[in-house]
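The opening residue of the sequence shown carries number 138 in this note's numbering; numbering runs sequentially from there.
Any given hint could be a false lead.
Derived EDC-like pairs: lysine to aspartate or glutamate, alpha-carbon spacing no greater than 20 Å straight-line [stated by the list, open to error]:
id, residue 1, residue 2
1, 237, 286
2, 237, 160
3, 237, 178
4, 237, 293
5, 237, 198
Source of the hints: derived by calculation from the structure; they are not laboratory data.
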Amino acid sequence: MNEVETDNPSLADELLIVRHSGEIPEVALHGSLYYLTRAADGPGLELRAREIRALQAMVVERYREIIRRDLDPGNRDLGLYRGVMRASVNWRRLTCFCRKEGWVLEAYRREVAQALLVFLANEIAETRTGARSSAINCGSGELRDFARELGLAPADLPAGWLGLCPAPER
138 MNEVETDNPS LADELLIVRH SGEIPEVALH GSLYYLTRAA DGPGLELRAR
188 EIRALQAMVV ERYREIIRRD LDPGNRDLGL YRGVMRASVN WRRLTCFCRK
238 EGWVLEAYRR EVAQALLVFL ANEIAETRTG ARSSAINCGS GELRDFAREL
288 GLAPADLPAG WLGLCPAPER
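Model the full structure from these sequences, guided by the hints.
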C-alpha cells in the first residue's frame, strides 16, 4: 500500500507510528486514534472515514511485513526472526482485524500461502543436504492448520514437510 498523503502533521506522524509499530499493530492503532481524537495533549481531530481507513491500512501493512519476515528463509538466523508459529499467530490476528474492519483478505491470503510454500521448499532442500537443521518451530498439526487457513490442503504442501516439524513431546 502506498503512503497516504495528508496535510496534517499529527496524522502523518501517527500513520508512520502505526506502520512501523511492534508485533501487535492494532495496539498502536488504538493509541493513535486516542491521541488524535481524545487525548488532552493531542490535536483533537475529528477523523474522516478515509483517515481512519488510512490508519487501518498501516495495521494491515505492518502485519504483512512481520508475516513475510517470519516466512523469509534469509531471516532464520537473525534476532528479529520469530518463526512459522509466529507467522501463523500473526496471520490469525490479521484475519481477525480484517474481518472486524471490513478489509478483503484474499490477496493477502495468496501472498502468505505462496511465502509458506517457498519457505517449506527451501527448508526441505536445506535439511536434506545437511546444510542446516529445520527452523520449523511448530508441530505438524499447527502447520497443517496454518496451511489450511491459507487455503492450502496438505497435498499442496511440498513432499517431506512433515519431517520438518519437531516430534511431539511425550
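Determine which of the earlier numbered hints do not hold for this structure and return their numbers in increasing order.
Hints 3 and 4 contradicted; others consistent.
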